[in-house]
Amino acid sequence: MLNKLKEIRALNAFVKKQSVGMQRKLMLYWVSMILVVFAAVILLLSIAGVFSQSDERLQEVMELHLKNTQDNLVAHLDRLTAQSLNLSKELSREIEATLIQDGISLQQVNDDPERLLKLQQIMYPLINATLQAADCNGVYVILDATTNTALAGADHSRSGIHLRYSNLSASSPVTPTVVYFRGIPDIARQKDLELHNRWNLEFDTDQIPGCRELMDATLDRPAQRYFWSRRIDLKDTWESAMLLCVPIVGSDGTVYGVCGVEISALYFQLSYPAADGQFGSAVTVLAPLQDSRLLLSEGLVGSVSGTYLDGQETLVIHQGRYYNEYDTGTERYIGLHQIMPISRGEAEDTAWAAAILIPQDSYAAYTADIQKAWVMAALVLLLVLLAFSFFLARSFVRPITDSLKRFQQDELPEQSLSSGISEVDELAEFLNARARNQRLEQGELPPNIAELFDQFVVRKDLLTESERNILRYYIDGHEIAEIPDLAFISMSTVRKHNRSIYEKLGVASRDELMLYIDLLRRCGRLQELF
Amino acid sequence: MKKRWLPALLLCLLLSGCSAAASGGYLISAAEGSEAYSEALLPFLPGYALRDGEDTLYAEVARGNAVACFDVQAVPAMTRGVGRYWYPHVTATVVLAVDRTRTDAVITGWNSLMESGVPAGMSSFSVIRNMLAMGALSYGLDWKTPTKQDALNYLEQLHQNGGFELDGSDAPVLICLDCEAAAWNRNGGNYEIIVPEEGTLSYRIGLLSDVPLTLEPGLDEALLSAGLPLAGGERPPGFPADYRVARTLEGKDYDRFLALAGDSSRDLRRQVFHTRLYTTADMREHILSALLIAAVILLWKGTVSHRMIRHDVRRVVVMMSWLMVGWLLLRLLKYQLPSEGTLCRMCWYGYYLFQLALPVALLYLTEILDRAEGKKRLMSPLWPPLVVYILSVGLVMTNDLHQLVFRFVPGGSWASDYRYGPGFWAIMACSLLFLAFALWNLLRKGSRSSSRRGRILPLLFCVGLLAYLAAYIQRVPLAWESDVTVNICILSVLFFETVLHGGLIPVNIQYQRLFASAPISLTLLDEDGRTVLSSPGARPISRSVWQRLRTDIQQPLLRDRDTQLHAIPVRSGMAVWQEDLSQINRLRREIQDVQTRLEAANTLLREEGEVKKRLLTAETNRALFEQLDRDMERRITSLVRLIETLPETEQSKGLTAYITLCLCHIKRRCNLFFLARQGEPLPGDELSMYLDELAELARYAGLQTLIRCGQKEGLEIRSASLCYDFAFETIAWALKEKASPLMGYLETEDARLVFRFLPGGDPGRWQFSEDLTAAVTALGGQIVCKDLDDAFGICMTIPLGGEACG
Amino acid sequence: MTSLLSSHLEDCSTPQYFCFSVRCEVCGEYWYSSSIPFSKAAQAAQCREKKELYDAIYQREKLRAREAAGQEARERFSQCPVCRRLVCDACFLICDEMDLCRECAGRMQEFGEPVAP
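Residue numbers (the working numbering), protein chains in the order written: chain A, 1 to 530; chain B, 531 to 1336; chain C, 1337 to 1453.
Calculated from the structure, these hints are not laboratory results. What you are looking at is a predicted structure, and each value in this text was computed from that prediction instead of being measured. Hints may contain errors.
[Said to hold, decoys possible] Chain B side only, calculated, beta carbon under 8 Å to chain C, not exhaustive:
#: 1; residue: Arg837
#: 2; residue: Arg840
#: 3; residue: Asp1013
#: 4; residue: Asn1017
#: 5; residue: Ser1074
#: 6; residue: Val1075
#: 7; residue: Thr1081
#: 8; residue: Gln1085
#: 9; residue: Leu1088
#: 10; residue: Asp1090
#: 11; residue: Arg1091
The C-beta atom is built at its ideal place from N, Cα and C for all residues, glycine as well.
Could you build all of it, start to finish, from the sequences and the hints given here?
Next comes the structure, spelled out in structure tokens:
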């Protein structure tokens, strides 16, 4: 371990001693600064909770949505319940009045089609009014009497009227047509109503669970016991609906029948469309809750577009911190649910819940989207900053290196080269001054000068004849500009020779060369050059 | 023998191989909706295995497989000869299935569906099912004369009412087959099956095969228990009871059905949904349009790249066009792939290889516009886009691993149900950034350009681009529904053409041909003196020469003794050509040579002339002396003889006088000889003096002589010397003969010179010397001795005149 | 060197500017000095009366331009010590023993690098 540390230290020292180019160093500093800033920013962002806020937001959004939905549902159902109760009261009054008028009891209405017709004629306006006013797609009333007790299924066949809207579709909002679903057809003819193509004269009370019990019970007032049925299929049709069953209670406590409103699955779908948010489509569900399971097949499901729900599943609920998970077995949904009481005096202990569901895939995709976007942005930013730093470093360093290179070549006589950087200019001045001073200084050879001289003299053997010729001119004290006149060669030739002379003798400029020559002359060693 | 067996054996093997394929065949469901039927059927069809269809219906049947399909597929196939055996078992009717958990609308048929306003859809969008539905709808709406247009109008209206989607398998109302709906109900659905009361069609599902099939008994029960209604009319529970309005097709109806329902997908798209009005909507149109556009792009590339001088711009054009063509071909390939598997997805990713490269190419183009060609290295401003492009492509290609770019459910329908991830937006942003840079560059360089077009065209392009983007965002149908690929290609081409026509690239068609064929060395320089184009053999232009040319472009310049440079300014640079002066110089030198030589030759000739003249003079002198010698030889020899005989003779005085006379004669004769060479005439006085001299000497010799010269003017020397010779010979004779006195007269008569002598004796036998006679005859004269009355006369006549021919 | 060059300077001046050229005796190519415009070119072209004055100024400026051209040429031309010809930098080789022109170096098998490529 210690050895490793020592090695690292040694490496560090070694690296420090190496002379690295300016550009590289600058780049290195830039890069480290950028990385540090980056790390700091990321730390800040994660502390600020930028990365983990989607779950909380989802929870907020869903809670809000659920509250809204629940409020809507509660209001809707409450209103319907109130209207149904009102209807029940009015119906009971009318029926009682009629019965008293005729002096019969309800039992005697059985097997009496004319009386039934009269009763139905009395009931019809009320039902029609309720249908127009209520936010549902059907209103019905079932009397505890039947037309023909002698028939086979007479014990579960009861007379009544059921009016429904037809042709509901989201694209045509105008007044839907009323259709006569159950009831004595004379009324339909009188009121010029269409008969449903699955019209039947009487109701089949077996279809509606809990209806018979309600009719057999003894109640004081309608509001004592009413319930929303689970979703049932309407007989002979392909539609299913939830029925609100409110008893029609007479003043003596007998139940004349059951009335209520109908909300079909289609109507519920159209009324509660799927809210398409950034997390996915949110589906509204009103379903019974049993053993932490939502039974969708017995409740109503809003529009399922954007999800794979088909309204028949049973969802297993897993509680979570921000939201719950609902598992169909093949798919998962996330959302929230809330219990809402919609029935009174229910026989079984069922709890109804309103829930909103979002497909987990879309949420996961959303979060993945966000994460990917963050990562991509960070990478792109990093790359851009690196490139930027590279270009900046280069543009900073380039003038310096250019002017330094110009120093090295130095063919022009000592003019002031302005490189645009004050330090380099000062250095140039200093070097020039020093060079000048060196020539003016007398004597004092430092100890390694002799070695330099020796090297210089040795190198002179590398020169070719023609170069030596030019060198002789320099030794004799001529300037570069005089050489073409003396040697009868062109200036370009002179320059070329100069360059190779400098290179071979290892000097950087003419000044250095003249310095060497001068010093050699002073030491008396000039002869060695020939 | 064995050899002949071999081919037969092979043939048998082949055939048996074929039939083996047929006997262990496959049962293939060729139509969507017939899978349940095939599964139920399989146990009753021995020897067949169930398999998915890989090929078209016809091909599968031809291979000997049994195909489960609808009657509207099978019956037309059989009329065309594909498949011979048709076993229908199941009926399927087109019905309306209403999801009662979602709606409670009252729907009884097609019209009530329209009125109810409930959204409807088709349960399947495969081609065959579209056809079935369209056919059923047509027959339903109009029983007697079904037309396609009715069905399309119905669907269009349904769609406009907000209700009809093609792929609406989650709509509340579905148009589907009754067996399908029943199957849904069995699986927990709550669909009401409604047979449309206006009417519909029932189709048969059965087996089509080339070979007869043997089916085991018990098939009907199995089909019923599988929930499929039989062709005979029995239906399992769960089906509606009333099927009276459903009609089945027969015989000729099939052709009408095919005419009705053909092209249903395309018609649905075009007429009902009004989608893809500006793009391809079915298989047929893809191939042709893609190939056409690719051909147009290549044509464009060809025309443009020929106009380019600069190679790097040309390379950009070529690359861009190949990118576009590649993209189109890849898209074509992808559309041809039947199944949407990994290869299809890879092709889709491959689009982005091309799509992202185009902005980078445009950026590269705008960067190199005003730089010099020839820099091999890519410039530093362009490395980042290239790197980003490569990273983007890598990201897209590996999307399956990280799903950052496209997000879809793996294994699901990725083609229609995918979303864009953050990577996609980043890549698109980068690409659009490059495009924006390129546009910015274009605008900047355009605004600096000198021509007006260069300033306006980039602005126009930007305006057009913005208009297209705005239209796309506003979903204007022309922009929204037209093919994005083709639009991007068109925009890229327009960008390039803007650059071109804005004058930002030097473009010239003629330069290259000019340069290639210029016999003079032509070089094109740009504004910085760099060579852009040069013809073969042109030497590079040095910097000092270029600077000089730039200063004074009018003046031609000597590059070296033999080359002269001329320059003219051209747009963004100058053109320089070299004129070869070597011939002229050589000629000049030759002329100079010849001139020198001629001068030297002249000098020589002149010297030669002078030498010749001297020689001639010497020669003449020599000849003269020789002649003189000859002339005088005779006389001198006779004189010498006389002088020798002088001491021996007694008449010394006469002889001496005679010798003196001879000497004088010789002397004077020599004088006359030399005078003759000089060519001057002898004055008459001088001749008379000579003659007098002769006479004087003759007197000393004892001869009385009187010679009178009547000639006063100058005489020809020849004539004078002849006269003198004549006079001497006459005197000599006279001396010898002692014929004194001697009288002589010399005078000119007409054109003749006459010299008469009157000797005092008879010249009789005396002959003059031959020389004299010959000379006189040569001159054309004569010597006559006349006998006068009391005297004798000697007369010499010489004609006068004429020059002495010397 | 300067006097050698000035004797080789050929005058390519026009009334508007001064320019001189030197010819390399190996490759034969001309090198031109930078053209120095005559400062009084416009005035000289216009005023005919002051012709002698502007001529004198022209000559004076031409002398200076000639000197400048000589200095410029000094940068680029050398004299080969063997054949003593004036040589441009592209034809002048730096060899080990001595710097020679291309042809002399080739003839004497000396190898070197040209001063300007």
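Hints versus structure:
1. Taken as an interface hint, Arg837(B) does not check out: its beta carbon lies about 35 Å from the nearest beta carbon of chain C, beyond 8 Å.
2. Annotation: interface hint on Arg840(B) violated; nearest CB of chain C at approximately 26 Å, more than 8 Å.
3. A distance limit of 8 Å between C-beta atoms decides the matter here; for Asp1013(B) the minimum to chain C is near 55 Å, and the interface restraint is violated.
4. Restraint check, Asn1017(B) versus chain C: the minimum CB separation of about 52 Å is more than 8 Å; hint violated.
5. Taken as an interface hint, Ser1074(B) checks out: its beta carbon lies about 5 Å from the nearest beta carbon of chain C, inside 8 Å.
6. Among the interface hints, the one on Val1075(B) holds; its C-beta lies about 6 Å from the nearest C-beta in chain C, closer than the 8 Å criterion.
7. Below 8 Å, beta-carbon pairs count as interface contacts, and Thr1081(B) has one with chain C at about 4 Å; its hint therefore holds.
8. At a threshold of 8 Å, the smallest CB-CB gap from Gln1085(B) to chain C is about 7 Å, leaving the interface hint in force.
9. At a threshold of 8 Å, the smallest CB-CB gap from Leu1088(B) to chain C is about 5 Å, leaving the interface hint in force.
10. For Asp1090(B), the shortest C-beta to C-beta distance to chain C is roughly 4 Å, which falls under 8 Å, so the interface hint holds.
11. Using the Cβ-Cβ criterion of 8 Å, the hint placing Arg1091(B) at the interface with chain C is satisfied: the shortest such distance is roughly 6 Å.
Of the hints listed earlier, those the structure fails to meet are numbers 1, 2, 3 and 4, in rising order.
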